[in-house]
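Both chains are sitting in their own frames, so use the hints and assemble them into the complex.
Listed in order, the protein sequences are those of chains A and B. Using the working numbering, the letters of the first sequence correspond one by one to residues 60 to 738. Using the working numbering, the letters of the second sequence correspond one by one to residues 490 to 890.
The set of hints was computed from the structure by calculation and includes no laboratory data. A portion of the hints provided could be inaccurate.
As the list claims (entries may be wrong) - Result set (DSSO-like, lysine-lysine): computed pairs, CA atoms no more than 27 Å apart in a straight line: (1) A/Lys-694 with A/Lys-675; (2) B/Lys-644 with A/Lys-120; (3) A/Lys-120 with B/Lys-820.
Below, each chain spelled out in residue letters.
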Amino acid sequence: MDAQLVVVVAGVILVVAIIGSLFFLRGYSGRFTFDTRNGTQPRASEGEGNTPGVAMKGRFKMLTMGVGAVFAAVVAKLWSMQMVSSDHYEELSQQNQMRTVTTPAPRGRILDRNGVELVTNRPSLVVGAYRDFASDPIKVRHLANVLGMPYTAVRRSILDYSQSAQSLHTVASDVRMSTVAHIKEHATDFDGVQIEERTERVYPYGTLASHVLGYTGTITGEQLNAQDDSKDAAGAVRYQSGDIVGQAGVEIYYERLLQGIRGEQTVHVDAAGNVTGKAGAIPPRAGSDIKLTLDLAIQQACEEGLARAMAMGKQTGYTSDAGACVCIDCTNGDILGMASAPTFDPSVFIGGVSNDDWSKLNGETSGNPLLNRCISGQYMSASTIKPLAALAALEYGVYTSGQTTTCNGWWTGLGEGAGRWCWDHGGHGTLNLQQGISHSCDPVFYDIGKGFYYDEDHPEGLQEVYKRWGLGEPTGIDLPSEAAGRVPTAEWKKEFFSSWPDADRAWGPGDMLNIAIGQGDILVTPLQMATVYAGLAENGKEFTPHVFLSAVARDGDGDAVAHQPEELRSVDVRDQSDLDLVHGGMKGVIYDTASTASHFNSLGVTVAGKSGTGEKADDDLYAWFIAYAPADDPKYVVATLVERGGFGSTSALVGTRYVLGAIYGSHDSVSAAGGTHDR
Amino acid sequence: MSNGSRRDASADSLKRVNKRVVSSRNSLSQRVNIPVLIAVVGLMAYGTLIIWTASLSIPEAQFSRHLLGIGLGAVLGILCWRTDFRGLQNMTTVLLVIDIMVIFSPYIPGLSYNAKGMTGWIQIPGIGLTFQPVELAKIITAFFIAGLGAQYNGKIDSVRDYVKLCAMLAIPFGAVLAAGDLGSGLVIFVGGAIVISMSGARREWVLSTIAILIGLVSLLLAADSVVDSLVGRDVLIKQYQMNRLLVFIDPTADTSGAGYNLMQSLIAVGSGGFFGKGIGGATQAAEGFLPEAHTDFVFALMSEEFGFVGALLLLGLYALLIFSAIRIAYKSDSLFLKLTVVGIVGMWTFQIFENIGMCIGLMPITGIPLPFISFGSSSMLMQSAMVGIVQSVWRHRSKAA
Chain A
60 MDAQLVVVVA GVILVVAIIG SLFFLRGYSG RFTFDTRNGT QPRASEGEGN
110 TPGVAMKGRF KMLTMGVGAV FAAVVAKLWS MQMVSSDHYE ELSQQNQMRT
160 VTTPAPRGRI LDRNGVELVT NRPSLVVGAY RDFASDPIKV RHLANVLGMP
210 YTAVRRSILD YSQSAQSLHT VASDVRMSTV AHIKEHATDF DGVQIEERTE
260 RVYPYGTLAS HVLGYTGTIT GEQLNAQDDS KDAAGAVRYQ SGDIVGQAGV
310 EIYYERLLQG IRGEQTVHVD AAGNVTGKAG AIPPRAGSDI KLTLDLAIQQ
360 ACEEGLARAM AMGKQTGYTS DAGACVCIDC TNGDILGMAS APTFDPSVFI
410 GGVSNDDWSK LNGETSGNPL LNRCISGQYM SASTIKPLAA LAALEYGVYT
460 SGQTTTCNGW WTGLGEGAGR WCWDHGGHGT LNLQQGISHS CDPVFYDIGK
510 GFYYDEDHPE GLQEVYKRWG LGEPTGIDLP SEAAGRVPTA EWKKEFFSSW
560 PDADRAWGPG DMLNIAIGQG DILVTPLQMA TVYAGLAENG KEFTPHVFLS
610 AVARDGDGDA VAHQPEELRS VDVRDQSDLD LVHGGMKGVI YDTASTASHF
660 NSLGVTVAGK SGTGEKADDD LYAWFIAYAP ADDPKYVVAT LVERGGFGST
710 SALVGTRYVL GAIYGSHDSV SAAGGTHDR
Chain B
490 MSNGSRRDAS ADSLKRVNKR VVSSRNSLSQ RVNIPVLIAV VGLMAYGTLI
540 IWTASLSIPE AQFSRHLLGI GLGAVLGILC WRTDFRGLQN MTTVLLVIDI
590 MVIFSPYIPG LSYNAKGMTG WIQIPGIGLT FQPVELAKII TAFFIAGLGA
640 QYNGKIDSVR DYVKLCAMLA IPFGAVLAAG DLGSGLVIFV GGAIVISMSG
690 ARREWVLSTI AILIGLVSLL LAADSVVDSL VGRDVLIKQY QMNRLLVFID
740 PTADTSGAGY NLMQSLIAVG SGGFFGKGIG GATQAAEGFL PEAHTDFVFA
790 LMSEEFGFVG ALLLLGLYAL LIFSAIRIAY KSDSLFLKLT VVGIVGMWTF
840 QIFENIGMCI GLMPITGIPL PFISFGSSSM LMQSAMVGIV QSVWRHRSKA
890 A
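With the rest of the complex left out, here is chain B (with noise of 0.2 Å):
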């Protein structure tokens, strides 16, 4: 073997790898991650065709307003692709004051809208497009938190920047609840929670958050009865809220209001059996048995309409959507971007389990919707968002880019 020949080999095999970087780094799956594409598509479109079923016995439910909604959503999300976030990593002060914002605009007078006794809601001036706020504060907490949590570099040292971490996390948990949607106060608190112990916090001073919380719920709802009845009046906890709790542990002890549709959503789910009743077929939804069938309980409507095999297809999407983003945060250079996604998946996973859980009898009953199925185009425009900002850090995963 002679030198030049070497040297043509390698200057070759060099061209030859420089090609196929250029190449792929141009090709769809180098700016699109594939399966999480796939498994957006597949729920969107299996979402598409519930809530076609549902329209057909829901007037609420309007088809073509849902089709509108993934159609916004569509173009947010490519729009979400297409934007860098690294340059939100320091601006996080900023990312307070907009979520804060953001969380109580619905007070803010000429946005507020409270049509049907809905609160949470705002509605644009000019072009009348209501929208629930609190989506988009899901966001932003994400991406503020993920901020504050990559400043440590993957370790936090003292548990001083600990606690400023957890507090920088009650801030808006506190607000949403302030403003009224546990539901969503949960979800928030859950995705910043996960943030937060990914970014580096000591497991030990995780599980005593996590004791010191639930003495904390546990003596809440022990002295809510107590403190209500020295007031006088509802504070702590709300009747509703109370009864939700109460039937979650006992179906059957209340059979009108709370337990009546959680029953209702039992009896919906469990007698869809394997392959369910099939479109047109599922009685409880159709007849009105179930409350809210095309928004918080669209499973249980899915669940009657397509059995088990549905749910096990609807699992799967959310189970590839969520563990392909796992995968792009890890495969991710930027912490802040990792920690981002990582909020992002925490929120979809405790989102999906608690509706799910709450049409199963797994989680007390709250109001928020399933994400890229329940009818309602804020859920849908920002899920929609959050799917773009994971494919935008897939995009932007390398550092040099």
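Bound-form chain A, shown alone (with noise of 0.2 Å):
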């Protein structure tokens, strides 16, 4: 279109030219013309007259100054090239010879809390060679042979246009002793070709805390990207193509820490790229190393007791196919240990993934490894929401602690129609609130939750205090994509059905009823119970769970930036007698019932918990133990999850069990599955 509209106005233009012209050329077409009126002048054609000769001496003049034009153009132009901007070109000229080569530096280091590696370096041969080599296919296939490799991955490699041309390209990594040996030997015959010493993720314990460590991998282009836009370049270390970094966990939360900066040389290059001499440069330095909050021994115990639990959760028959297990300190918030199943091992992402790897990790039946439940997952909080029921119905005046309800095992108090089971259908007689907490007695949180839906000055108080202490709303753990989980409200309910008929996207007493005892649409992850229980232990004050403890200083053996604990928040509590209710309460759930009691009574100190079972239209129990120590004076909450995992009291217990047995050092003695379904 614009081409052919240029091609239409060069030939008006032409048509304009030739046009003219022939208006020209016809006036002098004659060869004897009279001009009559300054009279008639022979036009000579031959010998040489006058005329022509000062024609011809016209004709000279043209040509001398058209000759003194052309030089006075080119003086003009060298003048201001060489006199006026010579300055500019001189350092065009020397940008040309200089070229910044990086070489990479090593990742800080990932300890557990006591200094113990949890993902170190580990010197790896890696074979280069510089980008000329590639020209000489021969020395490329002799290389290629050598190594072991294919002639076509080798050449890829060199060819590489994602680093500098002086960059030494990575052909291959860990290349063994005897391997180099013969590329050092033959030296002249791998002109070109450098070995060079560098490093490589190790996990000295396997997929052991995987989903808190995350993995590395090459820097996506999306990265890339983003570290263009954004404005705080200073400070910040300047990636590039090919550089590897956090993808996942703490190395992508802390990646700024962990990743070096790359040391620099400047060389002087010719034309062809081939490095004439070196000029000053920097030597890389490696990045920082970090502790974490985890202790190496709480966190095998974590996945160790996850274990048993969904082992558990399978020999009671059901699925018990995922689950998290997390403890943290409740007087500071650091996570000693954070467990998730399935679990997947970091090591697969070292030097790239394998599209095999990536789709077991990601496929449809895989589970999702890659999640980490604890912080991740989103479940309904079953009974373990019942404490805070509780708090939130003594601080309403919704239920006092003086009152009761007699459960036999069907509750009416919406009547008959709108009837619902106690979990034990047998019921358990007139409990008090302190009592429906231990027993985890359905009716009176039942009676609590129709108390709200008709309390006209706080229809939402329940929410509000769940709210309170921290639900619905991420903890702020120093980890990446943390879920929210969910407190639903009336308001929520509408907008989120919003395809339903108004009548039944209304807040009803059947859904007050259902979060009262946390089922229904209530979502909570395993390390926002935990934190809820962190601080119900401490009497109201949350701290942020976090998995960052120090970073060790870059030279020396100080800690250059330490965490310091980060109270969350301190809930308001209508009084200390309601928080000692829910207590003793927690205390009973432990020791009022026998089958519990019996794995407990062994641990050698006072533990307070919660059961949970969460109940899914169309799929297994889900089962939930929450428990801190020492009661008394609380310092570990552990959380167990198990999905599908059956009743609480039965498989996530043994989870929670396990950990605190580990820390404490006295192993549950009843091993055998209780057959309690206790909720």
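See below:
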């Protein structure tokens, strides 16, 4: 379209030129003309008369002037280039010859709180080649044979244009010493090939804490673009294509600490890119080592406990295919152990994850092993919510500490038509609130739910207390992709089910009953619940859960940055007596039921806690067990969740008990599945 | 005063004048134009120095071959100088035939030489010397078009004659273009066009012709992409020529290929500064950033090494050569020889302007050598021959000789 327009314009110019020329030329086409105005003058065509001689002189003048003009133009341009702009060109010529070559720096290690290496680096012998090497196919083939790699793969690595031409291009890593020796012996055959010692991630404990640690990978295009867009370039590490960066967990969250600073070497090059000399060099600086709050022993206990809990779930006939177990220090928010199942091996990501591995980790049937279920898994809280429901009821006077409910297994508080079962169809008899918590008696909490539903001053007082303790929002742990959970309210229901008819999405008493016992639409993460229980244990004070303990100084032994415990919130409770009641109720959970008590009596410290069993339509039961210990001076909070794991007091209890057993050095002596169906 | 003494005196003076005439006719300055000789010797010496410095870092620039070219060129120049070319005036048809044959000689089997992807070379059978015949074609065309132009005795009366002259010039020009050498074609065209306008073409005609040519060229450029897309391949202008034109308009547009060459050349010239970087200090050329530093881009190499001063010296030598040559043409009694020298002057001027201009971004890039300086024996031989011709015109400038 555009080009055609230009053609038309040029054509018009040509036509005009031709017409103009014809006009001019016609005027002089006659050989003999008579000029009547100036008299006739014969136009001599022979002999060297005066006129042609003068004309010739004029033409020579023109020619001389033309040549002079050409020389003047050249001199003027040269003047402007060599005299006026010479500095500019001088700079360009300098730039032509300078290249900056960078060398990668090792990443910082990741340690547990006692300094045990969880992630470290190991030297790897890397065979690299400069780009020129690829110009000789015979040499490349020779190298490929020596390395036992396909020719095309070697060639492709050498010609990788994501790195600057003067950088050493990695051909193979983890090369055997014998191969290295061969290459060094035949140095003349491998001119342009270099052996370098680089570092690679090593995981001494294999899959241990893989969800917390995360994994590394080659920087993605989006990440590179993101750094170009961000303005805060000062001080931040500048990445280049091919850099290894954190891609999940602590590796990505503390990328800025862990990433080393590339060394720089300025080199002189010629036009072909051959290095002709070296200038200033800055050595690479390794990334900072990071100490995590994780305690290796407790982390191992969390993983082992979770495995045992899942095994117990399976043993009792449930699917039990996934779960989470987290142990936090309620006095400061330190995450001491965090396990998620199924797990993955972070080492498959070293040097680029293969397609097979990736689809194994992300496929339909994979069970999402990359998901950290402690922070990203959202489940109904089940009965573990009951201590909060009790606090809400006490605060708003919906249910008093002296009030009782008689449970005969079938609750008809909203009429016979809307009757509901207690989990114990046999009934608990008459219980007060504290006993209601201890026995997880549903009718007590149905009464609370009903009370809130009909409380005109505080119709959502229950949800308000849940939120006050931190449900429905992320805890702010220093790990990526934490889920927020959900506290259902009337407003939420109306919006969430917006496609439903109004009547169906109206907030009903049944919704209130559900959230009072932690069923239905409420969603929490295991970490949220652990944080809530830490808050309960600390009389309302919650610390932000975190995994970062300190960054070890690059030089020397001291800590460059240490984590300061950060109070997440101090929850208002109406009266200390309310908390005492709840604490008592949670102690009762452990010790009032014989089957549960039998597991904990051997522990040596008093424990308080709560079980939970989430019911999902068309799905197995979700098992919860959260406990803190010692009950009178709490320090450790352990929350275990087993997806489709059956009853909380059966399967999840095993996990929590195992972690506490590991902490206090006395494992559960009652090994058999108690057969209790306590919730 | 007596009659006799006056006669004596006049006889004396006549004798003196005759003696002076005879001695001057045989003196060197009568046979050789000293300024042209100085300019050419200076240029060749300067070129030798430049090629020697280039040979330090560019293996292709073989210093000995350059010296050989100068030696052969000197021999050829002297031969030309001793030849009286006036006889060629009436042999225009023969000249045209020879010209066409020379231009297309690289296509003759057995002569063509296509090493390293170059075209337009012949290899003389037997001795194995390679040669670029288009350089010879320049000289033949100068004679040919001067011979035609001289027929009109300094005044072209009819448009028909003018158009005929233009058409005659278009033959060798078109032939060189067809042989694929746009740069040399333009040299021939400009030289010939100057001869035609000096032969007595009216200024209005010349201006009209220029207008038509500009229109044609712009139409060609604009239509190129359209025609290419219609036909489905590169027909009118080759892609690399189009690229050169585009980077001429904006050198930074393309940092590889043609744009790279131009940018490196600009950097080389500009970074030379006033006194230059000296021999061996020319990083652009020595480290290979500057392409073809000993041939087409030799001016950039020279400018980087010797700076503005060196460039002025070179331009001064060229100016001396060309203005002296114009003076020779002016002094010559033979219109044919006048026009021949004018053609040579036109070719030199354009070739120098085009070559230096492309190095400094004044002209688009074409592959033509810088006379007397660029490495390459074909150019050196033929430029020497041109100097020989100019000197021959000086030697035979008067009708009597």
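Check the hint pairing B/Lys-644 with A/Lys-120 against an upper bound of 27 Å on the C-alpha distance. 17 Å, holds
Is the Cα-Cα distance between A/Lys-694 and A/Lys-675 27 Å or less?
Distance of about 33 Å is beyond 27 Å: violated.
**Prompt:** Do the alpha carbons of A/Lys-120 and B/Lys-820 lie within 27 Å of each other, as the hint requires?
**Reply:** 13 Å, holds
When held up to the earlier numbered hints, the structure conflicts with hint 1 and nothing else.
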